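Following the hints, complete the assembly by docking chain B onto the known chain A.
These protein sequences, in sequence, are chains A and B. Counting with the working numbering, you get residues 1 to 375 for the letters of the first sequence. Counting with the working numbering, you get residues 376 to 750 for the letters of the second sequence.
Hints may contain errors.
Stated by the list, open to error - With a straight-line Cα cutoff of 27 Å, these simulated DSS-like cross-link-like pairs (lysine-lysine) come out:
hint : chain 1 : residue 1 : chain 2 : residue 2
1    : B       : K488      : B       : K381
2    : A       : K125      : B       : K500
3    : A       : K125      : B       : K505
4    : A       : K168      : B       : K543
To be clear, the hints were calculated from the coordinates, so they are not data collected in a lab. Keep in mind it's a predicted model, so treat the numbers as computed, not measured.
Protein chains: 2
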Amino acid sequence: MADEIKLERFKRALSESDFDVVVAVTPENSWYLSEAVIDTQRSLLERLALVVWAKGAEEPLYIVCTNEQVQARHDSWIKDIRGYVEYAQSPMQFLADALAELGATTARVGIEKHFLQTHYYEELKALVPKTRLDEVGEFFDRVRAIKTPDEVRRMEEAGVATDRAIRKAFEAARPGMTERQVGVMLTSELILNGAESQGFQVLAAGANTMMTHHRAGDYVLQSGDFMRTDFGGVFPGGYQSDLGRAVVIGKPSQRQLDTYSFIYGELEQMISELRPGVTPRELFLAHKSRWEAHGWPMPRPHIGHSIGIGIHEHPLIRPGDDSPLQPGMIICVEPAHTIPGIERYHMEDTVLVTEGEPRILSRFHNWSELLTPGA
Amino acid sequence: MADEIKLERFKRALSESDFDVVVAVTPENSWYLSEAVIDTQRSLLERLALVVWAKGAEEPLYIVCTNEQVQARHDSWIKDIRGYVEYAQSPMQFLADALAELGATTARVGIEKHFLQTHYYEELKALVPKTRLDEVGEFFDRVRAIKTPDEVRRMEEAGVATDRAIRKAFEAARPGMTERQVGVMLTSELILNGAESQGFQVLAAGANTMMTHHRAGDYVLQSGDFMRTDFGGVFPGGYQSDLGRAVVIGKPSQRQLDTYSFIYGELEQMISELRPGVTPRELFLAHKSRWEAHGWPMPRPHIGHSIGIGIHEHPLIRPGDDSPLQPGMIICVEPAHTIPGIERYHMEDTVLVTEGEPRILSRFHNWSELLTPGA
Numbered sequence: 001m002a003d004e005i006k007l008e009r010f011k012r013a014l015s016e017s018d019f020d021v022v023v024a025v026t027p028e029n030s031w032y033l034s035e036a037v038i039d040t041q042r043s044l045l046e047r048l049a050l051v052v053w054a055k056g057a058e059e060p061l062y063i064v065c066t067n068e069q070v071q072a073r074h075d076s077w078i079k080d081i082r083g084y085v086e087y088a089q090s091p092m093q094f095l096a097d098a099l100a101e102l103g104a105t106t107a108r109v110g111i112e113k114h115f116l117q118t119h120y121y122e123e124l125k126a127l128v129p130k131t132r133l134d135e136v137g138e139f140f141d142r143v144r145a146i147k148t149p150d151e152v153r154r155m156e157e158a159g160v161a162t163d164r165a166i167r168k169a170f171e172a173a174r175p176g177m178t179e180r181q182v183g184v185m186l187t188s189e190l191i192l193n194g195a196e197s198q199g200f201q202v203l204a205a206g207a208n209t210m211m212t213h214h215r216a217g218d219y220v221l222q223s224g225d226f227m228r229t230d231f232g233g234v235f236p237g238g239y240q241s242d243l244g245r246a247v248v249i250g251k252p253s254q255r256q257l258d259t260y261s262f263i264y265g266e267l268e269q270m271i272s273e274l275r276p277g278v279t280p281r282e283l284f285l286a287h288k289s290r291w292e293a294h295g296w297p298m299p300r301p302h303i304g305h306s307i308g309i310g311i312h313e314h315p316l317i318r319p320g321d322d323s324p325l326q327p328g329m330i331i332c333v334e335p336a337h338t339i340p341g342i343e344r345y346h347m348e349d350t351v352l353v354t355e356g357e358p359r360i361l362s363r364f365h366n367w368s369e370l371l372t373p374g375a
Numbered sequence: 376m377a378d379e380i381k382l383e384r385f386k387r388a389l390s391e392s393d394f395d396v397v398v399a400v401t402p403e404n405s406w407y408l409s410e411a412v413i414d415t416q417r418s419l420l421e422r423l424a425l426v427v428w429a430k431g432a433e434e435p436l437y438i439v440c441t442n443e444q445v446q447a448r449h450d451s452w453i454k455d456i457r458g459y460v461e462y463a464q465s466p467m468q469f470l471a472d473a474l475a476e477l478g479a480t481t482a483r484v485g486i487e488k489h490f491l492q493t494h495y496y497e498e499l500k501a502l503v504p505k506t507r508l509d510e511v512g513e514f515f516d517r518v519r520a521i522k523t524p525d526e527v528r529r530m531e532e533a534g535v536a537t538d539r540a541i542r543k544a545f546e547a548a549r550p551g552m553t554e555r556q557v558g559v560m561l562t563s564e565l566i567l568n569g570a571e572s573q574g575f576q577v578l579a580a581g582a583n584t585m586m587t588h589h590r591a592g593d594y595v596l597q598s599g600d601f602m603r604t605d606f607g608g609v610f611p612g613g614y615q616s617d618l619g620r621a622v623v624i625g626k627p628s629q630r631q632l633d634t635y636s637f638i639y640g641e642l643e644q645m646i647s648e649l650r651p652g653v654t655p656r657e658l659f660l661a662h663k664s665r666w667e668a669h670g671w672p673m674p675r676p677h678i679g680h681s682i683g684i685g686i687h688e689h690p691l692i693r694p695g696d697d698s699p700l701q702p703g704m705i706i707c708v709e710p711a712h713t714i715p716g717i718e719r720y721h722m723e724d725t726v727l728v729t730e731g732e733p734r735i736l737s738r739f740h741n742w743s744e745l746l747t748p749g750a
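Bound conformation, chain A alone:
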């Protein structure tokens, strides 16, 4: 059940690259190539799972900790899986042995230095002193930026499921509940809608919304409170969702209605601009100028990001990036505004760039009107 389109494209990109061998080290790239989503790669960072792919090879080899070998064999399409015993054997020794087998000890090897821990890197350098070890992150970023049809389907399932989960929890929110109770509903609905785990959850009401990454706590919802979530799950294959949604509990003020309406309009505008050829810089500056024309400051370093197995993939929507968007990219855009001392607004959707109209992958419900549960 491997995504053949993805693997063929990867092999072609590798054959056209300057690398003789590439080594996936991050969970994102390791999962992308192996299709085995091993959770401990995020929680136990020293327990590396490496995919080693030589130029011209039909298949890579896969180095995993023996603790995860059963799952790796079960989930991955890769046949050559090699298990190291943690604390007794080093994944760097296995990698060095693999490079020797591949005749690559004097080759140019791309490895993720932006992630690989310094102690592992120094060990590897000592094991293969003649190998040229270069950063390979951008190579993977470029390949992963364009999603295959199967990836688009997975991302849409993730986005729609997350939208349903948020709507259900928000519709049930009432004055007198705690943030924590709403947070638990969000998590439960997310899993029941198909997520394998929660990726992250910001859930805040009232003044707590001003904290970018507030965690649901014991605050009791008051009538008139603005409440927002920035929320996502990890779905099959490791694909992630990342949505921003907001409501007012009970009766909203005119200020809240107006603010929500302006930000929702801006979200729609940002989505409509996600077209092939436009650059992140142009998207950023267009948003910034509209924001400032409205009298709002826009001090943020970026206003969106690509997404897939990684929660922040490349490109980011920031002023320093002039590479044009391409069909097949999936981009989150997220306008945000703080009313100092009062509340912070943030909305976010996930959008596929196509040859034609941008396609929103994260809406089951219509959010154009401010939802007011308990009003």
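Just chain B, lined up with the frame of chain A:
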């Protein structure tokens, strides 16, 4: 509300060490010193939050991404907090500037090379070429291995809450439910019992239990299924729980009763051996010899681990470690056994090493009898 005992002990350890300055880079050490639990330190690894403490200084300084600065100011006791703008400014430049301010450019700086990404390390080396940058992980490990009274209280709250959550979900499990439904109950109960987020969740029934890290899925529980969870949450301060519990759905077989009973007895035995002066090697070999005397293989590289803000802290209970246990250590022990092709058993508790009797921190309920919901 800073844990003064912890901070005083840390300052003393630093003054007695060979380091002029130490830099916390991992989420664990950064949270330990700052007391600000910034979730994105785990999900966005490039978004470093660094605590920089010079020998003899009363307080450290704290370098965080501006996205997290409001939370850092809210949660941390550290007054000197410096924000870098991500993608525009580098935390390594901020660190180099701080080292210059501290007059430490030719000093011996301890930094977590076992975690710091290679590209950051190479950038830092170029910025402070005369600074000696040495691994500091073991220094932090040794300090964190002995818990303060406040840490013990937090760990017991985490352990007891997790035990309650598991019992409640397991008592409600019935034939015909899916693993996923049980998994959602586990998560919800965990949060309602005080966890800030789920740390990890293995939940498996029947043959799925053979996978070490199986994720709850669509498998429908059958009467007679063995079901187990390896489960933990992240609690205030970032302190983690990690428990292993098991049940049989409906009527158990004699084999299941006998297997459970033997493993529970072994768990009690392992707990009783957690005393000052005993070494991990001795604990490991004692367990291994009992296991093999029972006719079971024991191929595992370790059978437990310390725990705190990190899920696997030092020491690990493995044959290669001869440093004796000390009072104030908190250790998880976890016997496990696979009946090939049938099911895998695993139980785990969290225990405080004291001058006297070991104190279990993870039991609200009595698990000595096999629980059989729906029997």
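Hints broken by the structure, by number, lowest first? Structure breaks no hint.
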